[in-house]
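Note that the sequence shown covers residues 1 to 270 in UniProt numbering.
Honestly, the hints are just simulated from the structure, not real lab data. Bear in mind that the values here come from a model prediction, so they are computed numbers and not experimental data. The beta-carbon is built from N, C-alpha and C at its ideal position, and this holds for glycine as well. Treat the hints loosely; a few may be bogus.
[Unchecked claim] Below, simulated PhoX-like cross-link-like pairs (lysine-lysine); rule was C-alpha separation at most 20 Å, straight line:
{"#": "1", "residue 1": "Lys-38", "residue 2": "Lys-202"}
{"#": "2", "residue 1": "Lys-38", "residue 2": "Lys-263"}
{"#": "3", "residue 1": "Lys-263", "residue 2": "Lys-90"}
{"#": "4", "residue 1": "Lys-228", "residue 2": "Lys-202"}
[Unchecked claim] So the derived label-pair ranges between C-beta atoms look like this:
{"#": "5", "residue 1": "Lys-90", "residue 2": "Thr-251", "range": "21 to 31 Å"}
{"#": "6", "residue 1": "Arg-140", "residue 2": "Thr-2", "range": "46 to 56 Å"}
{"#": "7", "residue 1": "Arg-190", "residue 2": "Trp-30", "range": "40 to 50 Å"}
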Amino acid sequence: MTTLPIYQVDAFTDRLFSGNPAAVVPLEEWLSDETMLKIAAENNLSETAFFVPAGEARWELRWFTPTIEVPLCGHATLATAFVLSQVLGKTAGTLTFSTRMVGDLTVSRGDDGWLVMRFPRRTRNGAAAIEPVAAALGRRPDEVVEFATPGDTSWLAVFADEADVMGLSPDFRAIATLAPLNVIATAPGRAVDFVSRMFAPKAGIDEDPVTGSAHCSLVPYWAERLGKTDFVARQVSARGGDLRCKLDGDTVVVSGQAVLYLKGEIYLPD
């Protein structure tokens, strides 16, 4: 019997039972893709992160939903950095994660204790048809904008008011028939710069509670629309979560907090 440590962290929050829960599994060497996907399915969280050492303050990092491996996951990266620094005692000022699809990502600790992540900016690809998205979300957005990086396309459904986003009643089966991997609903916020919700049934996640990677599209959009580069954002899912964001050229900086929920062991047959 092989045992593996496992941690569960609530990301993009400073209190338990909110934010986005992620599982983090430290490894000494990679398991098979099939085994990691089975572990992620067993955890049944939006993402499980796996990492292996790759040098001084450097790790290889991969993320799995219950059904697929994804090219980028913000909240599970935040959770991994939290586990390394707050649980496993890594003291480096900057942690570097080597990924298979988006290159190196870095996470550093801000002066106020927030963890600061640097992600690649998604590229705006023009508009998409409004009516199919309106039918799938149950409410008509003002516009639908496509953003993309290799292997990951998102549609941004933009609404006039925060209440529109909070009041959506999405048809997840209909969303799964749309072209992109995920659909992000967004609007100007009342107490923050903008709010959002994110739906990804194709990836096995009907609604993701708080999505760091979605802000690789949201931040460039709102930077262009609002004419500024620094934002406070909130994802208005049932659990909810808070993010600080900044557009820095081709990089989207996303900052958040996290708290540890559990630690335990996985038992694998030899």
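A quick look at each hint next to the structure:
1. A C-alpha spacing of about 17 Å is found between Lys-38 and Lys-202, which places the hinted pair at or below 20 Å, so the restraint holds.
2. Annotation: proposed proximity of Lys-38 to Lys-263 holds, straight-line Cα distance about 19 Å (limit 20 Å).
3. With a CA separation close to 17 Å, the supplied pair Lys-263 and Lys-90 stays within the 20 Å bound.
4. Taking the CA atoms of Lys-228 and Lys-202, the gap is near 33 Å; set against the 20 Å cutoff, the hint is violated.
5. Taking the beta carbon of each, Lys-90 and Thr-251 are about 23 Å apart, inside 21 to 31 Å as hinted.
6. Between Arg-140 and Thr-2 the CB atoms are about 52 Å apart, so this pair conforms to the stated range of 46 to 56 Å.
7. Distance hint check for Arg-190 and Trp-30: the Cβ-Cβ separation is about 45 Å, which falls inside the suggested range of 40 to 50 Å.
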